[in-house]
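In order, the protein sequence lines correspond to chains A and B. Heads up: the first sequence begins at 1 in the numbering used here, then just goes up one per residue. Heads up: the second sequence begins at 1 in the numbering used here, then just goes up one per residue.
Among the clues, some could well be false.
[Claimed, not checked] The following residues of chain A were derived to be distant from chain B, with all beta-carbon distances above 12 Å:
{"no.": "1", "residue": "Pro9"}
{"no.": "2", "residue": "Pro11"}
{"no.": "3", "residue": "Leu19"}
{"no.": "4", "residue": "Phe28"}
{"no.": "5", "residue": "His30"}
{"no.": "6", "residue": "Gln43"}
{"no.": "7", "residue": "Gln58"}
{"no.": "8", "residue": "Thr114"}
{"no.": "9", "residue": "Gln117"}
{"no.": "10", "residue": "Ile123"}
{"no.": "11", "residue": "Ser132"}
{"no.": "12", "residue": "Asp153"}
{"no.": "13", "residue": "Ile172"}
{"no.": "14", "residue": "Phe207"}
{"no.": "15", "residue": "Asp218"}
[As the list claims (entries may be wrong)] Some chain A residues near chain B, calculated using beta-carbon distances under 8 Å:
{"no.": "16", "residue": "Leu25"}
{"no.": "17", "residue": "Ser44"}
{"no.": "18", "residue": "Val46"}
{"no.": "19", "residue": "Glu89"}
Please keep in mind that the hints were generated in silico from the structure rather than gathered at the bench. Please read all numbers here as calculations on a predicted model, not as lab measurements. From the three backbone atoms N, C-alpha and C, an ideal C-beta is built for every residue, glycine too.
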Amino acid sequence: MNPIFKHGPSPQHRLILVLFCSGLLIFFDHKMASFESVRGYLQSLVSPLQYIANTPKQMMTWASENIITRQELMAENQQYRLNELSFSEQGMQLEIFKQENARLRALLASPLRTNMQKMVAEILSVDSDPYSHQVVINRGATDGVFEGQAVLDAQGIVGQILHVGQTSSRVILITDISHAVPVRVKRNGLRLQASGSGRIDRLTHNFVSHSADIKIGDLLVSSGLGEKYPEGYPVATVLSVSQDDSREFVQVYSTPTAQIDRLRYLLLLSEQKEHSIFAPKSSQNTSLKKSKSKTLAPVGANNAQSVKEEAQ
Amino acid sequence: MFAHNGIIVILTLVIALMATIMPLPLSVDAFRPDWVLIILIYWTMALPSRVNIITAWMMGLLLDVLLGSVLGLHAAAMAIAIYIVAENFQKIRNFSLWQQAFITGVLSALYHLVVFWSQRFLIDVTFLSSYLYPVITSVILWPWMFLLLRKVRRHFSIA
Numbered sequence: 001m002n003p004i005f006k007h008g009p010s011p012q013h014r015l016i017l018v019l020f021c022s023g024l025l026i027f028f029d030h031k032m033a034s035f036e037s038v039r040g041y042l043q044s045l046v047s048p049l050q051y052i053a054n055t056p057k058q059m060m061t062w063a064s065e066n067i068i069t070r071q072e073l074m075a076e077n078q079q080y081r082l083n084e085l086s087f088s089e090q091g092m093q094l095e096i097f098k099q100e101n102a103r104l105r106a107l108l109a110s111p112l113r114t115n116m117q118k119m120v121a122e123i124l125s126v127d128s129d130p131y132s133h134q135v136v137i138n139r140g141a142t143d144g145v146f147e148g149q150a151v152l153d154a155q156g157i158v159g160q161i162l163h164v165g166q167t168s169s170r171v172i173l174i175t176d177i178s179h180a181v182p183v184r185v186k187r188n189g190l191r192l193q194a195s196g197s198g199r200i201d202r203l204t205h206n207f208v209s210h211s212a213d214i215k216i217g218d219l220l221v222s223s224g225l226g227e228k229y230p231e232g233y234p235v236a237t238v239l240s241v242s243q244d245d246s247r248e249f250v251q252v253y254s255t256p257t258a259q260i261d262r263l264r265y266l267l268l269l270s271e272q273k274e275h276s277i278f279a280p281k282s283s284q285n286t287s288l289k290k291s292k293s294k295t296l297a298p299v300g301a302n303n304a305q306s307v308k309e310e311a312q
Numbered sequence: 001m002f003a004h005n006g007i008i009v010i011l012t013l014v015i016a017l018m019a020t021i022m023p024l025p026l027s028v029d030a031f032r033p034d035w036v037l038i039i040l041i042y043w044t045m046a047l048p049s050r051v052n053i054i055t056a057w058m059m060g061l062l063l064d065v066l067l068g069s070v071l072g073l074h075a076a077a078m079a080i081a082i083y084i085v086a087e088n089f090q091k092i093r094n095f096s097l098w099q100q101a102f103i104t105g106v107l108s109a110l111y112h113l114v115v116f117w118s119q120r121f122l123i124d125v126t127f128l129s130s131y132l133y134p135v136i137t138s139v140i141l142w143p144w145m146f147l148l149l150r151k152v153r154r155h156f157s158i159a
């Protein structure tokens, strides 16, 4: 080909064409949200790339997990044994409390808390895009992941599923600027909204009145309103409360309890259903067995949370 | 696209995409160079009849999918940056390596600013100077990538 004699449309025409296409895509994707299903397919399409891009990191982790001395392993094992002992003791108590709680709820004729089904997922990649806080996980539609599913780590709520692909899906984090979680103060049940601030260690709370009883160090737990996140999981701890009477509302900031910047394993929650959602990938020993507790037979409504519970 | 070892061009672009989404520690993540942009600039400069605005737009669209941003956003920014290269490829070819590196920096800054402006327009983001850190690494990376890609182009006699 001879680049001196140009052929085909000129660069200007091409630019105008692609900018027009971009404009259409942005409009339909952002304003109309008409690409939600297409996104799933696109996500499946590019997931091989994500899996390949993740291999160096996986090799590093593999190496760091395998190159370890016997002493370290033994110490670790010892620690785990101690942990297991204390956890199983707590578990025994929890069993009793669960039964008692179910009985009391039945007496009050309020809906029973259903058990949550859990699935473990591993992070594939963290977005390098500084404008959005999203991560990609190695579970997709084949594992039963669905849009809007709550995602946790060991410390608290991390986010929810945004797009589901065939073998991977995208999680939007609670610190993303377009995300908000309904929370309540654990100490007194005061309801708040925790919005992402775009900073990885900061959540903001809008519309907190001056009379609100909120202090630095208060734990905020999910309130279950909005029915996206199950009730009672820790979300953030209050970092600063600035009472400025010249402002209309109190400025409250909090830090997420989940370690958003060092996520590795995540827990996907879903309400218990008949069919098992972690049938595939059983070769990897990652799926958690759901707790074996037998609560009373569920009565009536299957909604785990109701507004009534908020008033407790 | 596939004639004359065109597959190598695609391969370099795919590697660039992977380098863009590869997980990095948080401290160096802000300095991640614009791999895709650099490689597109080189190929547009070297083979303007084969790699041009349309290719850039498609790569941008793939980036949108990979990064989970609004579809068409990185695509538009990438197309605008590559349009400038496609219009002036004969001039840029004759510049010295350092002048080219400077131009890469300008284009990278333009790319990030276009992305920022459209994000600002869509969702309320505020400007942090860290959004422009990739410009520095892109400038540093350009001479090395240029020499490497020229070697690749000559070795596989991609025309």
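Now for the hints, and whether the structure bears them out:
{"no.": "1", "hint": "Pro9", "verdict": "9 Å, violated"}
{"no.": "2", "hint": "Pro11", "verdict": "5 Å, violated"}
{"no.": "3", "hint": "Leu19", "verdict": "6 Å, violated"}
{"no.": "4", "hint": "Phe28", "verdict": "8 Å, violated"}
{"no.": "5", "hint": "His30", "verdict": "5 Å, violated"}
{"no.": "6", "hint": "Gln43", "verdict": "7 Å, violated"}
{"no.": "7", "hint": "Gln58", "verdict": "10 Å, violated"}
{"no.": "8", "hint": "Thr114", "verdict": "31 Å, holds"}
{"no.": "9", "hint": "Gln117", "verdict": "26 Å, holds"}
{"no.": "10", "hint": "Ile123", "verdict": "8 Å, violated"}
{"no.": "11", "hint": "Ser132", "verdict": "6 Å, violated"}
{"no.": "12", "hint": "Asp153", "verdict": "16 Å, holds"}
{"no.": "13", "hint": "Ile172", "verdict": "8 Å, violated"}
{"no.": "14", "hint": "Phe207", "verdict": "17 Å, holds"}
{"no.": "15", "hint": "Asp218", "verdict": "27 Å, holds"}
{"no.": "16", "hint": "Leu25", "verdict": "3 Å, holds"}
{"no.": "17", "hint": "Ser44", "verdict": "10 Å, violated"}
{"no.": "18", "hint": "Val46", "verdict": "5 Å, holds"}
{"no.": "19", "hint": "Glu89", "verdict": "37 Å, violated"}
Going down the numbered hints, you'll see the structure goes against 1, 2, 3, 4, 5, 6, 7, 10, 11, 13, 17 and 19, while the others check out.
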